[in-house]
Amino acid sequence: MQTKHIDKLCCFPKNKIGKILGYDNENLQMPTKIIEMGLLPETTFRILYQAPFNGPLYIEYGSDKTRIALREAEARFIQVEVSE
Amino acid sequence: MMQEKKQKQILLVGNPNVGKSTLFNVLCNRKQKTGNYAGVTVASHSGNYIYKNEEIEVIDLPGSYSIYPTSEDEAIFSRYLIQEDYSGVVYIADAIHMRRSLLLFQQIQDLGIPAVLVVNQVDEAEKRGIKIDISKLSEILNIPVFETNAKNNVGIETVREAVFNNEFKIAETNSFEIPLEQKALVYKVSSNTSEKNLYKIWTLLAADTYLGKIENIHEIITQEDTKCSVPKRLQITETVRRYQNIDKITSEITEKKPQLKELLTEKLDKILVHKVWGYLIFLLILLLIFQSVFFLAEYPMTWIEDFFTWLSAFSADHLPEGPVNSLVSSGIIPGIGGILVFAPQIGILLYFLYLLEDSGYMARVVFLMDRMLRPFGLNGKSIVPLVSGTACAIPAIMSTRNIENVKERLITILVTPFMTCSARLPIYSIIIGLIIPDENFYGIKYRAIALMIMYLLGFLMALLSSFILKSFIKTKIKSFLVMDLPTYKMPLFGYDFKLVLGKVWEFISGAGKVIFTVSIILWALSYFGPPQHKNEILATNSSLDHSYLGRIGRTMEPAIAPLGYDWKMGIGILTSFAAREVFVGTLSTLYSLDDEAPEGKLIEKMRLDVHPTGEKVFSFATGVSILIFYAFAMQCISTIAVVYRETRSLKWTMLQTVSMTFLAYFSALIVYQILK
Numbered sequence: 001m002q003t004k005h006i007d008k009l010c011c012f013p014k015n016k017i018g019k020i021l022g023y024d025n026e027n028l029q030m031p032t033k034i035i036e037m038g039l040l041p042e043t044t045f046r047i048l049y050q051a052p053f054n055g056p057l058y059i060e061y062g063s064d065k066t067r068i069a070l071r072e073a074e075a076r077f078i079q080v081e082v083s084e
Numbered sequence: 001m002m003q004e005k006k007q008k009q010i011l012l013v014g015n016p017n018v019g020k021s022t023l024f025n026v027l028c029n030r031k032q033k034t035g036n037y038a039g040v041t042v043a044s045h046s047g048n049y050i051y052k053n054e055e056i057e058v059i060d061l062p063g064s065y066s067i068y069p070t071s072e073d074e075a076i077f078s079r080y081l082i083q084e085d086y087s088g089v090v091y092i093a094d095a096i097h098m099r100r101s102l103l104l105f106q107q108i109q110d111l112g113i114p115a116v117l118v119v120n121q122v123d124e125a126e127k128r129g130i131k132i133d134i135s136k137l138s139e140i141l142n143i144p145v146f147e148t149n150a151k152n153n154v155g156i157e158t159v160r161e162a163v164f165n166n167e168f169k170i171a172e173t174n175s176f177e178i179p180l181e182q183k184a185l186v187y188k189v190s191s192n193t194s195e196k197n198l199y200k201i202w203t204l205l206a207a208d209t210y211l212g213k214i215e216n217i218h219e220i221i222t223q224e225d226t227k228c229s230v231p232k233r234l235q236i237t238e239t240v241r242r243y244q245n246i247d248k249i250t251s252e253i254t255e256k257k258p259q260l261k262e263l264l265t266e267k268l269d270k271i272l273v274h275k276v277w278g279y280l281i282f283l284l285i286l287l288l289i290f291q292s293v294f295f296l297a298e299y300p301m302t303w304i305e306d307f308f309t310w311l312s313a314f315s316a317d318h319l320p321e322g323p324v325n326s327l328v329s330s331g332i333i334p335g336i337g338g339i340l341v342f343a344p345q346i347g348i349l350l351y352f353l354y355l356l357e358d359s360g361y362m363a364r365v366v367f368l369m370d371r372m373l374r375p376f377g378l379n380g381k382s383i384v385p386l387v388s389g390t391a392c393a394i395p396a397i398m399s400t401r402n403i404e405n406v407k408e409r410l411i412t413i414l415v416t417p418f419m420t421c422s423a424r425l426p427i428y429s430i431i432i433g434l435i436i437p438d439e440n441f442y443g444i445k446y447r448a449i450a451l452m453i454m455y456l457l458g459f460l461m462a463l464l465s466s467f468i469l470k471s472f473i474k475t476k477i478k479s480f481l482v483m484d485l486p487t488y489k490m491p492l493f494g495y496d497f498k499l500v501l502g503k504v505w506e507f508i509s510g511a512g513k514v515i516f517t518v519s520i521i522l523w524a525l526s527y528f529g530p531p532q533h534k535n536e537i538l539a540t541n542s543s544l545d546h547s548y549l550g551r552i553g554r555t556m557e558p559a560i561a562p563l564g565y566d567w568k569m570g571i572g573i574l575t576s577f578a579a580r581e582v583f584v585g586t587l588s589t590l591y592s593l594d595d596e597a598p599e600g601k602l603i604e605k606m607r608l609d610v611h612p613t614g615e616k617v618f619s620f621a622t623g624v625s626i627l628i629f630y631a632f633a634m635q636c637i638s639t640i641a642v643v644y645r646e647t648r649s650l651k652w653t654m655l656q657t658v659s660m661t662f663l664a665y666f667s668a669l670i671v672y673q674i675l676k
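Taken in sequence, the protein lines are chains X and S.
Going left to right, the first sequence walks through residues 1 to 84 as the numbering used here numbers them.
Going left to right, the second sequence walks through residues 1 to 676 as the numbering used here numbers them.
Hint data in this document are derived by calculation from the structure and do not stem from the laboratory.
One or more of the hints may lead you astray.
[What the hints assert, rightly or not] Below, in silico cross-link-like pairs of lysine-lysine (DSS-like), each with a Cα-Cα straight-line distance of 25 Å or less:
1) 19/X to 8/X
2) 232/S to 188/S
3) 65/X to 19/X
4) 267/S to 65/X
5) 478/S to 407/S
6) 136/S to 256/S
7) 478/S to 65/X
8) 65/X to 127/S
9) 14/X to 136/S
10) 65/X to 256/S
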């Protein structure tokens with residue numbers, strides 16, 4: 001069996017469809033708002049844009065194509081993989 | 001039948017950007033800002049309407065994504081929802097984002113709050129190929145559900161009818177099952193208190209801040225009990241479980257056709273958040289606004305000015321000679337006219353800002369600016385107060401409530417008054433008109449460039465102060481940005497225009513009252529003077545120099561002479577301590593009172609005014625010194641009051657006012673001494 005390659009959302013390539021696996025949130029540093037906004041495991045997403053100089057990410061996710069802005073620092077908590 | 005004594009009160013609740021404020025406006029026909037940027041409804045507003053002879057009070061609460069607050073406006077929301085008394089909640093869900101809408105809705109249901117559900121923006125959802133089965137939704141949630149399209153006034157009557165018939169319903173079963181680990185504790189609290197709602201007890205454990213009230217709760221829950229239940233972890237557990245349940249519901253109620261058509265928001269964002277074009281467009285929009293403020297407003301301003309000059313001359317000719325004539329035609333009319341003339345500029349500026357907010361563009365500006373503002377201790381969300389600060393610092397400071405981080409919020413509040421607000425415009429316009437020639441530089445007016453520099457100066461000072469404050473204010477809480485990017489909407493042009501008229505009127509009547517009083521006091525102080533002859537108690541109709549006003553002015557001259565000001569400007573600064581715009585009104589009155597001053601428009605009188613030595617009173621150095629003084633000085637009682645209310649700290653409020661005043665005085669001093 002092939003092992004899945006786990007990425008972090010902050011480093012995920014642009015315009016590629018990915019899937020959220022879980023969070024790297026042992027110390028509870030991640031803003032709860034991320035979960036409240038519906039960025040949950042199994043959700044598919046796509047990074048559309050990023051503001052210059054490692055600015056916020058512009059992410060589209062879910063079946064209703066919600067769009068939110070996230071900083072790289074927050075995106076680092078989210079574990080993702082490429083969606084087949 | 002018994003007439004209900006208590007008025008029926010309903011709450012409008014929902015996520016940000018679901019059309020809550022629009023629904024509020026169509027329900028109540030009352031003036032209130034509707035916006036497409038998270039956090040326009042900065043405080044709870046109330047309005048009312050009458051339906052079938054019943055008066056209903058409507059409270060519009062700030063939008064939130066959950067009952068656990070992360071920012072000040074969400075805290076206002078949760079406190080109100082849990083602690084206040086009301087007849088029921090009208091919950092507004094966004095048809096496009098049903099999933100997110102249902103999270104907060106089910107929390108409200110579990111709290112045992114009577115509610116009805118309204119699904120708004122159904123037309124927008126259909127454009128996206130989303131069809132919602134309303135009756136099925138109603139059946140699953142066991143609650144009345146209505147469809148509306150608030151912007152086009154569709155479905156409003158059915159909502160009114162439901163409120164009239166008290167169709168609010170309390171859920172019979174909880175959608176969230178208390179996890180096993182906390183169950184014992186929750187039951188323990190329940191059996192020891194009168195609180196029987198288990199979810200309410202759970203929220204006490206899960207909230208970082210105190211949400212509700214249960215008597216003796218601290219005696220029942222010991223530290224031992226809460227040791228293994230970290231609030232944040234409980235919130236995460238709850239949210240994840242709720243979404244699992246919600247996903248089941250949404251898959252049952254929504255029918256989604258594949259949507260291949262690219263929608264407007266997708267198309268627009270390709271350019272508007274682009275690495276290069278995005279910034280250029282933002283800059284262009286700002287330039288367009290400032291250009292319009294100056295040039296579109298020119299014609300109405302001339303009309304208003306001509307009218308008041310005429311009115312003043314007319315009343316001087318037709319009123320009987322004497323003190324009343326002098327009071328009306330030299331005191332009140334020029335004072336009011338001096339401020340009314342700036343109404344067009346203020347109106348244009350506000351109108352543009354409203355359109356930007358309504359359309360959803362402001363959220364993109366936050367996205368673009370976040371990285372740029374972070375090194376200054378600010379958040380991307382700070383750009384909204386900073387930009388609205390160019391209209392007025394008061395709503396701008398209130399709009400900081402959606403900045404989650406306490407430090408970033410405080411810094412934003414402290415530096416926003418440096419932004420060039422519309423009350424500074426009258427002063428800038430007249431002084432720039434005096435000291436900068438009316439000439440072009442390749443088609444661009446020098447005066448426009450000068451004004452642009454003043455706006456930039458305010459912005460740079462705001463950034464510089466943030467940078468300094470950043471190292472003084474300490475916080476352990478990490479800053480974050482998790483922000484919804486709403487779909488673009490066509491702004492309500494006509495509606496915004498009405499709002500602007502209301503705001504401009506507020507400005508004029510507010511400033512007008514102050515200026516009215518100030519002109520009467522100024523007139524009295526200038527009409528009377530210390531006795532010149534032995535048998536007089538009071539000299540009347542004395543010349544300005546010999547009046548009480550002249551005396552006061554001359555007493556303060558030593559303090560202001562190094563800044564290049566004469567006694568008239570000194571009086572202007574003194575009277576404008578409460579509000580900047582009073583400066584121009586005061587000068588206008590003072591020049592009208594001075595019999596030796598030439599007739600005509602204020603700016604002409606100021607231009608021709610000379611010192612006894614023959615030098616111009618408004619020289620280039622003096623002009624720049626005034627500009628600098630007003631760029632940095634606080635000079636606004638209302639802003640001081642709102643800063644105190646928002647920071648709840650006398651220390652920061654005092655520090656801000658005192659340091660701004662010092663900065664203004666010494667910068668003006670240095671500039672004048674260099675330029676003179």
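Structure-based check of all given hints:
1. For the hint pairing residue 19/X with residue 8/X, the CA-to-CA distance comes to about 11 Å; that is within 25 Å, so the pair holds.
2. Distance hint between residue 232/S and residue 188/S is fulfilled; the C-alpha atoms sit about 21 Å from each other, no more than 25 Å.
3. For the given pair, residue 65/X sits about 14 Å from residue 19/X by alpha-carbon distance, which is consistent with the 25 Å threshold.
4. Simply put, residue 267/S and residue 65/X have alpha-carbon atoms about 14 Å apart, close enough for the 25 Å limit, and the pair holds.
5. Proximity of residue 478/S to residue 407/S is assessed by CA-CA distance (about 10 Å); at most 25 Å being required, the pair is judged to hold.
6. Distance restraint check for residue 136/S and residue 256/S: the Cα-Cα separation of roughly 15 Å lies within the 25 Å cut-off, and the hinted pair is therefore satisfied.
7. Restraint check for residue 478/S and residue 65/X: the C-alpha separation of about 28 Å exceeds 25 Å, so the hint is violated.
8. Of the pairs offered as hints, the one joining residue 65/X and residue 127/S holds, with about 13 Å between alpha carbons and a cut-off of 25 Å not exceeded.
9. Note on residue 14/X and residue 136/S: the hinted pairing is violated, with a Cα-Cα distance of about 38 Å set against a maximum of 25 Å.
10. For the hint linking residue 65/X to residue 256/S, the alpha-carbon distance of about 12 Å falls within 25 Å, and the restraint holds.
The structure does not agree with the numbered hints 7 and 9 stated previously, though it agrees with the rest.
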